[in-house]
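Enquirer: Fit chain B to the given chain A structure using the hints.
Chains as they are written, first to last, in the numbering used here: chain A, 56 to 440; chain B, 1337 to 1734.
Please note: incorrect hints may appear among the correct ones.
[What the hints assert, rightly or not] Pairs of lysine to aspartate or glutamate residues, derived as EDC-like cross-links and limited to a Cα-Cα distance of at most 20 Å, are as follows:
hint, chain 1, residue 1, chain 2, residue 2
1, B, K1627, A, D386
2, A, K163, A, D219
3, B, K1651, A, E432
4, B, K1651, A, D57
5, A, K333, B, E1726
6, B, K1524, B, D1477
7, B, K1389, B, E1463
8, B, K1627, A, E432
9, B, K1651, A, E65
[Stated by the list, open to error] So the derived list for chain A, only partly shown, Cβ under 7 Å to chain B, looks like this:
hint, residue
10, G59
11, G120
12, V124
13, V279
14, T322
15, R328
16, F331
17, P334
18, V350
19, I358
20, A435
Hint data in this document are derived by calculation from the structure and do not stem from the laboratory.
Cβ atoms here follow ideal geometry from the backbone N, Cα and C, with glycine treated the same way.
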Amino acid sequence: MDFGFSEEQELLRATARKFFENECPSPFVRKMMEAAEGTTPEFWGKLAEQGWLGLIFPEAYGGVGLGFVDLVVLMEEMGRVVMPGPYFSTVLLGGLTLLEAGSEAQKKQWLPKIAAGETRATLALTEPNVRWDAAGVTATAAAAGGGFTLSGAKLFVPDAHVADLLIVAARSGSGAGGAGGTGSDDGVSLFLVPRGSPGVEVTLLPTMDQTRKLCEVKLVGVRVPAGALLGDLGQGWPALGRVLERATVALCAEMCGGAQRVLEMTTEYAKIRVAFGKPIGAYQAVKHRAADMLVEVENAKSITYYAAWEVDENAPEAALAVSMAKAYVSDAYRRVAGAGIQLHGGIGFTWEHDLHLYFKRAKSSEFTFGDATHHRERVAQLINL
Amino acid sequence: MNLRLTPEQESFRDEVRAWLGRNMPRGWSARLAASSDIPRPEAYDLLRDWQRKLHAAGFIGLTWPKEYGGRGLTFVEEMVLAEEMALAKAPPVLNILGVGMAGPTIIAYGTEDQKKRYPPKILSADEIWCQGYSEPNAGSDLASLQTRAVRDGDYYVINGQKVWTSLAHVADWMMLLARTDPDVPRHKGITYFLLDMHLPGVTVKPLRQLTGDAEFNEVFFDNVRVHESQVLGGVNNGWAVGLTTLMYERLALGFGLQVRLRIALAGLIEMARRMESAGRAVTRDPVMRQKIAQLWIDTECLKLTGARAITRLLKGELPGPEASAGKMGWVDTHQRLQELAMEIQGPYAQLMTGSERAVEGGLWQHTFLRSRANSIEGGTTEIQRNIIGERVLGLPKG
Chain A
56 MDFGFSEEQE LLRATARKFF ENECPSPFVR KMMEAAEGTT PEFWGKLAEQ
106 GWLGLIFPEA YGGVGLGFVD LVVLMEEMGR VVMPGPYFST VLLGGLTLLE
156 AGSEAQKKQW LPKIAAGETR ATLALTEPNV RWDAAGVTAT AAAAGGGFTL
206 SGAKLFVPDA HVADLLIVAA RSGSGAGGAG GTGSDDGVSL FLVPRGSPGV
256 EVTLLPTMDQ TRKLCEVKLV GVRVPAGALL GDLGQGWPAL GRVLERATVA
306 LCAEMCGGAQ RVLEMTTEYA KIRVAFGKPI GAYQAVKHRA ADMLVEVENA
356 KSITYYAAWE VDENAPEAAL AVSMAKAYVS DAYRRVAGAG IQLHGGIGFT
406 WEHDLHLYFK RAKSSEFTFG DATHHRERVA QLINL
Chain B
1337 MNLRLTPEQE SFRDEVRAWL GRNMPRGWSA RLAASSDIPR PEAYDLLRDW
1387 QRKLHAAGFI GLTWPKEYGG RGLTFVEEMV LAEEMALAKA PPVLNILGVG
1437 MAGPTIIAYG TEDQKKRYPP KILSADEIWC QGYSEPNAGS DLASLQTRAV
1487 RDGDYYVING QKVWTSLAHV ADWMMLLART DPDVPRHKGI TYFLLDMHLP
1537 GVTVKPLRQL TGDAEFNEVF FDNVRVHESQ VLGGVNNGWA VGLTTLMYER
1587 LALGFGLQVR LRIALAGLIE MARRMESAGR AVTRDPVMRQ KIAQLWIDTE
1637 CLKLTGARAI TRLLKGELPG PEASAGKMGW VDTHQRLQEL AMEIQGPYAQ
1687 LMTGSERAVE GGLWQHTFLR SRANSIEGGT TEIQRNIIGE RVLGLPKG
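Next comes chain A alone, as it looks inside the complex (with noise of 0.2 Å):
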């Protein structure tokens, strides 16, 4: 048994420790706070250059073929920065859903433009009922003329505003004809929609997390050929909630990596300043919260390493895991990055500080895939309870 990251992984963890630290300061996150892009072509480029676009991509299709457990790494990395970006929506959402659903012609014409820096993608699945299961697909794909009309209403679309490609998740009927239930895993199909393409209209939203920026996306009455399908007709929930699991763990690790360096910032601070004649680490309020921080902060990253592995070998315990990870992390993230701010006093109210920067995308994260209720109540499930 071996808990602990490999010789190798570490060199990446320092790698991007050392690149993010140049590349990706504060004040780069701070100008793609306010650009609606999020991003430059030369950061883009850069990450390119690194492979991390196409890191668990297989070879075959221009990724490095590294695992989870090495994307942990990375994830945990970009989230000490609050590296902003289309990254997540176009590695872990566009780009893993065209390698669990898609053909292998589909798969070989787009993994290694998104690899390469070429591609942006996302995904478009959840609407304004915010749901994360099946059920939550309400948009539909009619069949029309060898191809596929869609209509209906995307929310909390990531990037979708800067995507080339979505990938639009829709009901179809289950391709024998029915039609394809309401709330059933049957009959949700995948199809690829270039974002320019007519009745897509692309919003982008105010968010309160401006490092990460969400779009509502409408599709009235798209045409799509008969080619655009991703898998099968119909059959496209399975490899979505794959994808779910494993873009849930990716963020559980960024978010993993954020609440460690708010740790940090938070000892380090603890360290300097003094009130009453000491530094206010040496008082037991101020001492005793952050080791409650430190608790917290290390079961969540237990809980996500474990999670990875459980996602890397395709383990049956997997869907627990994840799900144990992504509740556990979005309190302990919430809470450490909340803990952070009080222990800074005013100065950590500012905007001039970066903590803010963490407590919400620390709050952005905790909605995304899933609060901490939504998963607990799913843990419930699985432990037959």
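Expert: Then chain B, alone, in the frame of chain A:
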């Protein structure tokens, strides 16, 4: 990262599982559903027998060297054993302080004679150990302890008092911290003794706890003469030796605590299925489902954080922040679990053993009350937070 067991470890697990299947004491499964703590007086004989059986089968002291009665295995096997014990809902052992603390400390600091003499009898339960640290005026501030050991020829003469001493009334030996030099800074004048509890001048007076049980004691020393060969780790070196004991407490004892926690959680879930609230099973109540799921998650986190600490140990690193987090996490989770057990019972939570209407014979009432000690014993939660803050995060002392 590789969370799989090796083929050898797999076969060790099979061996443990098969043995437990044949040898679990009858009638204990149901009683332990609620129990998650150290032995209660009425169970001492049973738990001593249980430890002897475990010892005969070679399932205790796994990480201790073979020449001192152990099996020379790693913490991975210890973890596998703990996992299987939890699954089988196995009872704890009687000599929990000897196995968890005294033995490893003697192996770390003892002379060859001491290492040959004590550890094997700790494992076999032939000699039960207690821990003589706390005094009426030295609890969290342990270094202020006042029990004196004064040199007299080849002997030390001990005078003073210990308190909150669990199992002292059945113990044959004590890990004793006493002051040998009052004229140096207080951490530097303390010596660690292996004290025979049957010596003249040792008096044990039981203290009744808020549970009603008398599981801990006051221990008085009146001119107790201890031979110098009973010093462990050198005169005036007791502080370092004592801290080692506490480190082992957090590591080795941690496995046992985890087992008891998981057994308690399984018992709580079974109870929740049977109990009703507002006309439906407690497990159908969305709020209770949330609370139970959170306990499940927290229990898994403890296990996994412990597994990360083991990985560090196996790689030859010192236990890092993961180990420090363990005790605090366990205390918090266990106390919440016991609170939830009461909440599940509702008004029935008021009924103690003796009432036919008490849920599960009133066992949970006892474990609930006992759990209040968890955040005090073995270093209060407040002291644990100081340790994490100062030694892990590097914050200044107050």
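Enquirer: Does each hint fit the structure? Answer for all of them.
Expert: A quick look at each hint next to the structure:
1. B:K1627 to A:D386: 14 Å, holds
2. A:K163 to A:D219: 17 Å, holds
3. B:K1651 to A:E432: The hint is violated at about 37 Å.
4. B:K1651 to A:D57: 9 Å, holds
5. A:K333 to B:E1726: Holds, because 15 Å separates the two Cα atoms, which is no more than 20 Å.
6. B:K1524 to B:D1477: 15 Å, holds
7. B:K1389 to B:E1463: 15 Å, holds
8. B:K1627 to A:E432: Satisfied, since the Cα-Cα distance of roughly 10 Å is no more than 20 Å.
9. B:K1651 to A:E65: Since the Cα atoms of B:K1651 and A:E65 sit roughly 15 Å apart, the hinted pair holds (cutoff 20 Å).
10. G59: Holds: closest Cβ of chain B sits about 4 Å from A:G59, inside 7 Å.
11. G120: At about 17 Å, which exceeds the 7 Å cut-off, the nearest Cβ of chain B leaves the hint on A:G120 violated.
12. V124: 5 Å, holds
13. V279: Violated. Min distance 41 Å.
14. T322: 5 Å, holds
15. R328: Interface hint status for A:R328: violated (11 Å vs cutoff 7 Å).
16. F331: 12 Å, violated
17. P334: 5 Å, holds
18. V350: 4 Å, holds
19. I358: Holds. Min distance 5 Å.
20. A435: Result: holds, 4 Å to nearest chain B Cβ.
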